[in-house]
Structure formats: C-alpha cells, structure tokens
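Novice: Sequence:
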Amino acid sequence: MLSPIDGTTFFHIGIGVIDLEAATEELGAGLNLTWTPPVRAVVNGWPLRIALSYEGRPYYEVIEAPVGSPWCPRDGEQAVHFGFWSDDLTAHRNLLEQKGFKVEVDGLAQGREFVYLRAPHVGVVVELAGTGEDSLWERHERNLENRR
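In terms of the numbering used here, the sequence shown opens at residue 24 and continues consecutively.
Quick caveat, the hints were computed from the structure, so don't treat them as lab data.
This one's a predicted model, so the numbers in the text were calculated from it and none came from an experiment.
We put the beta carbon where it would ideally sit given N, CA and C, even for glycine.
A portion of the hints provided could be inaccurate.
Okay, the calculated beta carbon distance ranges per label pair [said to hold, decoys possible]: (1) Leu-167 <-> Asp-42: 23 to 33 Å; (2) Gly-53 <-> Gln-121: 31 to 41 Å; (3) Leu-167 <-> Glu-49: 21 to 31 Å; (4) Arg-80 <-> Gly-53: 17 to 27 Å.
Could you build the full structure based on these sequences and the hints that come with them?
Specialist: Encoded structure:
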C-alpha cells in the first residue's frame, strides 16, 4: 500500500469516543465491523479503554478517554489520528517535526513503540508505530492469523 510518508505504511484510523460500547456497536452495525474485547491501558498517565476492529487494513481503533486527554473527543466522536507503521520511528518523527508537526504524546520516552504528532494548522494527528514483534498492532495481527 502506498503511503504519504516514505518508509511507512498506513494501517489504522483512531477514533476518540465518550462511550466505547455505544461507539463500537454503532460502527460495527454501520460498517460491518467486529471488535476485540476492550483493553485497558495507561498512556502518559491517562487511563484508556481501547477496542480494535478485526477487519482491516486499515483497521479501526476506538479509544475511550477522559476529558482533557489527547484522545478526548471534542464536540462528540471524531477521528483523532491516522496510524502509520514505521521501521525507523526516530527518523520519521524527526522528519515530521522538521515539517512543523508537534509531538503530542511521546511513547518513546516511556519505552513504547509509538509517537503522536499533531499538524499545527489542520489539527490532524499522525501516529507513528513501531513494527516490533511485541507492539499492540503486531500482536493484533498475530491473533487475527490464529483466528483463521
């Protein structure tokens, strides 16, 4: 699949929601998607609940997040980020920063394989995610293979 950032692969759309169950039910019915059981995570101190679509690429990632967090819906549900796999997180992060994107969540600082960068004028967030075997998305794809 072609990607607008050389050396990366577009693979998911992240959607911030207020109610994970209502959102996955609505999106599931409307887009014929099925979901993983919700996973709890804490990122930069924010408690999150996350469900991933079994159908993909691109996958859908639904994130229930508290008010004030980078994932919190503004004026209701919305797409909050576009995810790209990266074989060189540091190089791709530096490239986007040189183009004016601002780091919003730095998973690398926590020893995790992702970083969120926001386009300053448009407000769109790009997630760069590592391709390591233990990343959330690599585990998700292995689980999908096991379901087949």
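Novice: It remains to establish, for every hint, whether it holds in the given structure.
Specialist: Consistency of the hints with the structure:
1. Distance hint check for Leu-167 and Asp-42: the Cβ-Cβ separation is about 26 Å, which falls inside the suggested range of 23 to 33 Å.
2. Take Gly-53 and Gln-121: their Cβ atoms lie about 39 Å apart, and the range 31 to 41 Å holds.
3. At about 23 Å, the CB distance of Leu-167 to Glu-49 agrees with the hint of 21 to 31 Å.
4. For Arg-80 paired with Gly-53, a C-beta distance near 19 Å keeps the hint of 17 to 27 Å intact.
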